[in-house]
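Student: This is what each chain is made of:
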Amino acid sequence: MGINEKITSDFKVVGTRPNRPDGVDKVTGRAKFGADAYAPGMLHAAIVRSPHAHARIVKIDTSKAEALKGVKAVVTRADFAEGLTGENWNILENVMASDTALYDGHAVAAVAATSALVARDAAKLVEIEYEQLPHVTDVDKAMAPDAPVIREGAADKSVPEGLHPNVVRYHDSGHGDVEAGFAEADLVIEDHFKTEATHQGYIEPHACLAQLGPDGKGEVWCCTQGHFNVQKVCAALVGTETSQIRVTASEIGGGFGGKTVVFIEPVALALSRKTNRPVKLVMSRSEVFRATGPTASTSMDVKIGMTKDGKITAGKGVFRLQGGAFPGAPMEFTAMCAFAPYALENVHQIGYDVMSNRPKQAAYRAPGSPMAAFAVESVIDELCNQLGLDPIEVRLKNASKQGTKASFGPKFDRIGLVETLEAAMAHPHFSAPLQPGQGRGISCGFWFNHGGETAVSLALSEDGTVALSVGTPDIGGSRASMGQIVAEELGIAYESVRTTIADTATLGYNEISHGSRVTYATGLATIKAARDVVKKLSARAAAKWGIDEEAVIWEDGCAKPAGPNAGEFEPLPLAKIARSMGRTGGPIVGHYEATPEGAGVSFATHIVDAEVDKETGQTKVVRYTVVQDAGKAIHPTYVEGQFQGGAAQGIGWALNEEYIYGEDGRLQNSIFLDYRIPVASDLPMIDTVIVEVPNPGHPYGVRGVGETSICPPLAAIANAVSNAAGVRLRELPMSPPRILEALEQQAAKG
Amino acid sequence: MQYHTPGNFEDAVSIAAKADGVTRFLAGGTDVLVQLRADIVTPDVLIDIKKIDGVKDIAREGGGWRIGVAVTGAEMSEHSELEAEWPGLVEAMDLIGSTQVQGRATLVGNLCNGSPAADSVPAMFAAGASVSIIGPNGSRKVAVADIPTGPGRTSLEKDEAITAVHIPARGKNGGDAYLRFIPRTEMDIAVVGCGVNLRVDGDTISEARVSLGAVAPTVLLVQAAADAIIGTSLDDAAMDALAAAASAACNPIDDKRGTIKFRTHVAGVLARRAAKIAYDRARASK
Numbered sequence: 001m002g003i004n005e006k007i008t009s010d011f012k013v014v015g016t017r018p019n020r021p022d023g024v025d026k027v028t029g030r031a032k033f034g035a036d037a038y039a040p041g042m043l044h045a046a047i048v049r050s051p052h053a054h055a056r057i058v059k060i061d062t063s064k065a066e067a068l069k070g071v072k073a074v075v076t077r078a079d080f081a082e083g084l085t086g087e088n089w090n091i092l093e094n095v096m097a098s099d100t101a102l103y104d105g106h107a108v109a110a111v112a113a114t115s116a117l118v119a120r121d122a123a124k125l126v127e128i129e130y131e132q133l134p135h136v137t138d139v140d141k142a143m144a145p146d147a148p149v150i151r152e153g154a155a156d157k158s159v160p161e162g163l164h165p166n167v168v169r170y171h172d173s174g175h176g177d178v179e180a181g182f183a184e185a186d187l188v189i190e191d192h193f194k195t196e197a198t199h200q201g202y203i204e205p206h207a208c209l210a211q212l213g214p215d216g217k218g219e220v221w222c223c224t225q226g227h228f229n230v231q232k233v234c235a236a237l238v239g240t241e242t243s244q245i246r247v248t249a250s251e252i253g254g255g256f257g258g259k260t261v262v263f264i265e266p267v268a269l270a271l272s273r274k275t276n277r278p279v280k281l282v283m284s285r286s287e288v289f290r291a292t293g294p295t296a297s298t299s300m301d302v303k304i305g306m307t308k309d310g311k312i313t314a315g316k317g318v319f320r321l322q323g324g325a326f327p328g329a330p331m332e333f334t335a336m337c338a339f340a341p342y343a344l345e346n347v348h349q350i351g352y353d354v355m356s357n358r359p360k361q362a363a364y365r366a367p368g369s370p371m372a373a374f375a376v377e378s379v380i381d382e383l384c385n386q387l388g389l390d391p392i393e394v395r396l397k398n399a400s401k402q403g404t405k406a407s408f409g410p411k412f413d414r415i416g417l418v419e420t421l422e423a424a425m426a427h428p429h430f431s432a433p434l435q436p437g438q439g440r441g442i443s444c445g446f447w448f449n450h451g452g453e454t455a456v457s458l459a460l461s462e463d464g465t466v467a468l469s470v471g472t473p474d475i476g477g478s479r480a481s482m483g484q485i486v487a488e489e490l491g492i493a494y495e496s497v498r499t500t501i502a503d504t505a506t507l508g509y510n511e512i513s514h515g516s517r518v519t520y521a522t523g524l525a526t527i528k529a530a531r532d533v534v535k536k537l538s539a540r541a542a543a544k545w546g547i548d549e550e551a552v553i554w555e556d557g558c559a560k561p562a563g564p565n566a567g568e569f570e571p572l573p574l575a576k577i578a579r580s581m582g583r584t585g586g587p588i589v590g591h592y593e594a595t596p597e598g599a600g601v602s603f604a605t606h607i608v609d610a611e612v613d614k615e616t617g618q619t620k621v622v623r624y625t626v627v628q629d630a631g632k633a634i635h636p637t638y639v640e641g642q643f644q645g646g647a648a649q650g651i652g653w654a655l656n657e658e659y660i661y662g663e664d665g666r667l668q669n670s671i672f673l674d675y676r677i678p679v680a681s682d683l684p685m686i687d688t689v690i691v692e693v694p695n696p697g698h699p700y701g702v703r704g705v706g707e708t709s710i711c712p713p714l715a716a717i718a719n720a721v722s723n724a725a726g727v728r729l730r731e732l733p734m735s736p737p738r739i740l741e742a743l744e745q746q747a748a749k750g
Numbered sequence: 001m002q003y004h005t006p007g008n009f010e011d012a013v014s015i016a017a018k019a020d021g022v023t024r025f026l027a028g029g030t031d032v033l034v035q036l037r038a039d040i041v042t043p044d045v046l047i048d049i050k051k052i053d054g055v056k057d058i059a060r061e062g063g064g065w066r067i068g069v070a071v072t073g074a075e076m077s078e079h080s081e082l083e084a085e086w087p088g089l090v091e092a093m094d095l096i097g098s099t100q101v102q103g104r105a106t107l108v109g110n111l112c113n114g115s116p117a118a119d120s121v122p123a124m125f126a127a128g129a130s131v132s133i134i135g136p137n138g139s140r141k142v143a144v145a146d147i148p149t150g151p152g153r154t155s156l157e158k159d160e161a162i163t164a165v166h167i168p169a170r171g172k173n174g175g176d177a178y179l180r181f182i183p184r185t186e187m188d189i190a191v192v193g194c195g196v197n198l199r200v201d202g203d204t205i206s207e208a209r210v211s212l213g214a215v216a217p218t219v220l221l222v223q224a225a226a227d228a229i230i231g232t233s234l235d236d237a238a239m240d241a242l243a244a245a246a247s248a249a250c251n252p253i254d255d256k257r258g259t260i261k262f263r264t265h266v267a268g269v270l271a272r273r274a275a276k277i278a279y280d281r282a283r284a285s286k
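These protein sequence lines are chains A and B, in that order. First residue of the first sequence: 1, per the working numbering; consecutive thereafter. First residue of the second sequence: 1, per the working numbering; consecutive thereafter.
So here's chain A without its partners, still in its complex pose (with noise of 0.2 Å):
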């Protein structure tokens, strides 16, 4: 997609908001999800895990296990692919330990048996002798000279010389002159902040139904972000080639970027090799806590100067992220959007990927941005409140423009982050009073957006209707989208489209769900191959009518002549060129397939307002409003629903969600009654306002919404506390404890 095409304006479908296709079945109970597939002489599996954060393992006896009625089989490291390098070497790693359990939750064998119980109780029967090694889950403490070494030769080349080892990537970036700013500033605030580990939290535990023949061939069901990811990392890791493979996925119950990663599918297709029985795997509640990915737990200095007129002079960041027993925590996208807001003459920004005893991390909305808006935020509020400057009004004097160097390097293009805050301050919340006890912050976020592989097929059936094959998982509502944009483009009713998520083996590869690009990604194939099936239908209405294709327009559903001169035809209907299509030319299908680069970031300020009970600590949400520019919203119910969801898992990480690790090593709270998502009754109504500045790289002006919405609530949640409380609080999640300690700290200061 270039820019030189014209973005549309003028919409019938698109910015209605029609009900989605799979909500009827999602709320009756037909939708089938991961562990809703059944399949004829099927096993049930069950993995064992490693109790310690950090272990050789020195013998696996699997005989008693193997001995125990119904078991089928018994699979380790063995059973897997040999000789994989790189990522590959890693999902492997992660997914089956080879001689050393790297953290408390690793896999080490699966077992596969008649029933789920009886695999429960043989993997119990899985005999491992362990030699317990030492181990380190803090970030801080996996960097210090004496921490123990999670793996040697972790690190890359971007690693300076006399780090830890566990230090295996490293960021450096920015312009300007960091120093000569801090000295132009009236006010400089250096802090320091810490953010633990959170659970991306989605509610479907991991689960599918594979089998692998003997052959080589095998089919996959499974809840996952992304099939094709699936599709070709199990056939990596088993061992075989990729398009023998044909991933299936379910309905998904949340993922937001923790089914990005494969954990559970090469397990069962070992399985089921191993037995030539279909195998299914479900993962319980403790087990998605402790072994697939929550987000990185960070450790993060941030400095900023500020003029007493309150503009910033420069900006530097030292980000730490611990991301497990893997290379992977994404510290440069913290490092890259920590001041990214910002049109910043000097901007300094450092990152450490740190390795540490805790499971991989994975991506959770916007990876590593909310942590850096954490404590960006934070300062800027500081300084706003120390030298007596309205938080809007500042930001708005710094904001990223059309034409702003980004503290990332590029230039900006069109970008929406001055009609936020612009929509932020007009809102009446900004305005409204607070009542005593309550506190007001506000925050700005970013996040890049993302286009990526995509093909989609958009078919024709005899009487009028189309079916649209696309190859990214439903994670937020893009069936009603994609048929809103079909509607639109063919001219027909959205009840006529039926979208389905195809399998691996009906279309070309697309990439994962994810980085919010669906909408924008998805969406533009989806314009391109209505388009495609435009240009066909109006061939065959040309063919018809005897007249140059050229001489023939698409408008309201209907192939028309283009003007008087193209000759006097009575409008033929896509239903009536579709019941003939058999004996005009065949079966009519568009398609498109590109990898769309012109994702446009999006910016988004949010305003908190949350009340302090300075006697226990605790905090509720009072009121919350998100602004943010979507481009163009498709469906605006599912634009604010993205808003809604970023904001409520941003209170939850605010507030009190976090990884507890003991003295051992060992995840304290791996069930949802101590890792402490928020419930309903903790949440406000979140309010929502749509900015609409329109992506140039989009021919409807479409951003990615899904991400932004989680980098400012940690800020602004934090500004708000902080306000309300009196004093500032560095360190997530803001639980009770750690407010009467700070409230207690600062009173013994006087």
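Mixed in with the good hints, there may be bad ones.
The calculated lysine-lysine pairs, modelled on DSSO-like cross-linking and capped at a C-alpha distance of 30 Å, are [stated by the list, open to error]: (1) B:Lys256 with A:Lys124; (2) A:Lys124 with B:Lys18; (3) A:Lys560 with A:Lys6; (4) A:Lys308 with A:Lys157; (5) B:Lys276 with A:Lys614; (6) A:Lys614 with B:Lys256; (7) A:Lys217 with A:Lys274; (8) B:Lys276 with A:Lys620; (9) A:Lys232 with A:Lys311; (10) A:Lys194 with B:Lys256; (11) B:Lys261 with A:Lys749; (12) A:Lys614 with B:Lys18; (13) A:Lys311 with A:Lys411; (14) B:Lys256 with A:Lys749; (15) A:Lys194 with B:Lys261; (16) A:Lys544 with A:Lys560.
To be clear, the hints were calculated from the coordinates, so they are not data collected in a lab.
Given chain A's structure and the hints, the job is docking chain B onto it.
Tutor: This is chain B only, laid out in the frame that chain A set:
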């Protein structure tokens, strides 16, 4: 695993006495079944006592109440007379779990699970409730305050079962209250719980019982806290003394749900707040 549905308590305890391995009595199952599924306790013998006559009844007994062992939280909340007399007890039970759990969970289950953080137990302590027990050696009646002996442990003998809960007569000018602290608003376990039951004579507190949950190996009945407010009109000095006594009684642990320091402090805060509610209720009652 064996599953039994005896028709009376004598049969229930006789099945238990003859059983080998791990035995569990099953009423609502909100602990037993969860522990089974989570691999924490896998019973060899499950004795379901819901089929026994009278276990679902809330009945007058003297001036007080007899509550059957299978009466659920939802049934207690819907019993307007019980709620009018013992709002603190009913609210404590109602705090447990979700709406679905409320349709299953019972007072006796909450008591026998032995958790120091059980919400209904401090309320029963404060109310002065007792339970009837049947076992191989006959029947006895014991104060609820004498049941818990440690985390997950009770004073019930092997193969004994509780057959009913007895709530004393409310009497005149009395009121009770229970508050718990959780970081969220719902679906959590008490980090601190506090029950207060008192009687007034005019504006003066004439009797009081104060209990604390989740701050020691068992639920506590804190006499010093009660003494701090008896004879007072719950003025600021009495409140301060109450909070200090409540905090002083705490012997909590640091764990994933809260710290020693936090629990000790919040016990005092909750004692003040619960006492205020109970006091206002007592003065408003006839």
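Student: Hints the structure violates: just list their numbers, smallest first.
Tutor: 4, 9 and 12
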